[in-house]
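Those protein sequence lines, which keep their order, are chains W and L. In terms of numbering that gives the first Met the number 0, the first sequence has 186 at position 187, counting the first letter as 1, and numbering is strictly consecutive. In terms of numbering that gives the first Met the number 0, the second sequence has 132 at position 133, counting the first letter as 1, and numbering is strictly consecutive.
Stretch-level coverage of chain L by chain W, calculated; a stretch enters the list once three of its residues show a Cβ under 8 Å from a Cβ in chain W: (1) 33–46; (2) 129–139; (3) 152–164.
Derived Cβ-Cβ restraints for the label pairs, each shown as a range: (4) D59(W) x D54(L): 19 to 27 Å; (5) D222(W) x R51(L): 33 to 41 Å; (6) S139(W) x G53(L): 49 to 57 Å; (7) G206(W) x D48(L): 51 to 59 Å.
To be clear about the criterion: a stretch of chain L counts as covered by chain W if any three or more of its residues have a C-beta under 8 Å from a C-beta of chain W, and this derived list gives those stretches: (8) 4–13; (9) 19–25; (10) 110–124.
Think of the hints as simulated: they come from the structure by calculation, not from any bench. Built from N, CA and C at the ideal position, the CB exists for glycine as well.
Residues per chain, in single letters:
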Amino acid sequence: MSCPEHLRTQAYLDGELDGIAASEAERHIESCADCRRASADAAELSDAIRRQTARYRAPDALRARTAALLDGETAPRAASFRPRGFWAGALSGAGTMAAAAGIALALLLPPSPETLAQSIADDHTDALMGARLIQVASSSHHVVKPWFAGRVAVSPPTPDFPDQGFVLAGGRIDRVAGTKAAVVVYRHGRHAIDLFVWPDGGSTLPGNATRHGYHTIFWKSGDLDFAAVSDTERRELEKFVTLVRSAPE
Amino acid sequence: MDNRRRQFEAQALPHLDAAYNLARWLSRSPADAEDIVQEAMLRAFRAFDGFRGGDIKPWLLAIVRNCWRNASADTRRRGHAPLPEERDAPLLSDEPSPEAAAAQASEGRRLNEVIALLPNEFREVLVLREMEDLSYREIADVTGVPIGTVMSRLARARALLKEKWDRT
Ligand SMILES: [Zn+2]
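With these hints in hand, go ahead and build the complete structure from the sequences.
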């Protein structure tokens, strides 16, 4: 119950997840004692409810009365008994509910740490390979910062640290597990550093990771989530993160 | 029999048990459940032209739930005894259906009572999910709350149920 992933685990157990989301949830349950216990409890309860409790059946008399009611409704002139407006009002809830559009469940759950880590690593790799690393090229925060306005919901910090060897190079828009993120791009020697900034959707951030040879450091600040990713040495990336975190807005 | 009536019966009547089961669990009274279902079927039939297709079950159950809410509001307005919200009255006093009879075993009876005493918002999600097999989306449509709320209520309902079940 105390695991921050428990709603995702529950959604998996209820058969609400499929594909990648389902296999992620499976992996999580394997590695999380809380969620394993919760799974066992949920299965036991669900089984008990289905086997032991009453699912009440409509009495035959109710069936008969319902048929009689419908007869009354379909008899000539029966429809004029009540003003239309009365029923339209009484039913306003139900009709619109059935018409309401469905929203993919995946969008309502904050992405899991695994999804975030994978998404950041994939984005960074794609950006380097696909030469779309930078959409606005500038070493001036007067250019880079306003470029994000209107393109993405967050206003990322864009400090520059030329003296420490971290040079602002530009920015781009990317997606982190489905959410639009601002990416501020820095040069550090031969290496690129991507600074991802996106609105905090209540996700648990992954631990710092190394994937495909890229180091990633995650943190939260205010209502934003941050990730710095690069193939530079981990110590250098840590130095960069310390600078960013201590830079005045 | 006219075409509209035939269509309605073909689609809605297979869910009469589901409608009654929900009304029965919400109202916790066999007599009230019958009134609620009759009212709901009448409204559903009159509103059938507005039903846009798809699965009729959540649509019908949403109407049942509305009728239950109206009925309990009426009862309160008229100053009748409140629904047995927190009362310890026996909950399976009505004539048992075959399923209910099977549930007379003490284990089942105990579980029934624990579920019946859960607060409304938790009882309804549990019934819709565990007995009626509705998806989160459908439960959200029936209860008129966002899916996120359905998920947290379901988690809370299960936790409460487990806690009370372990204790009894
Ligand atoms: Zn867990």
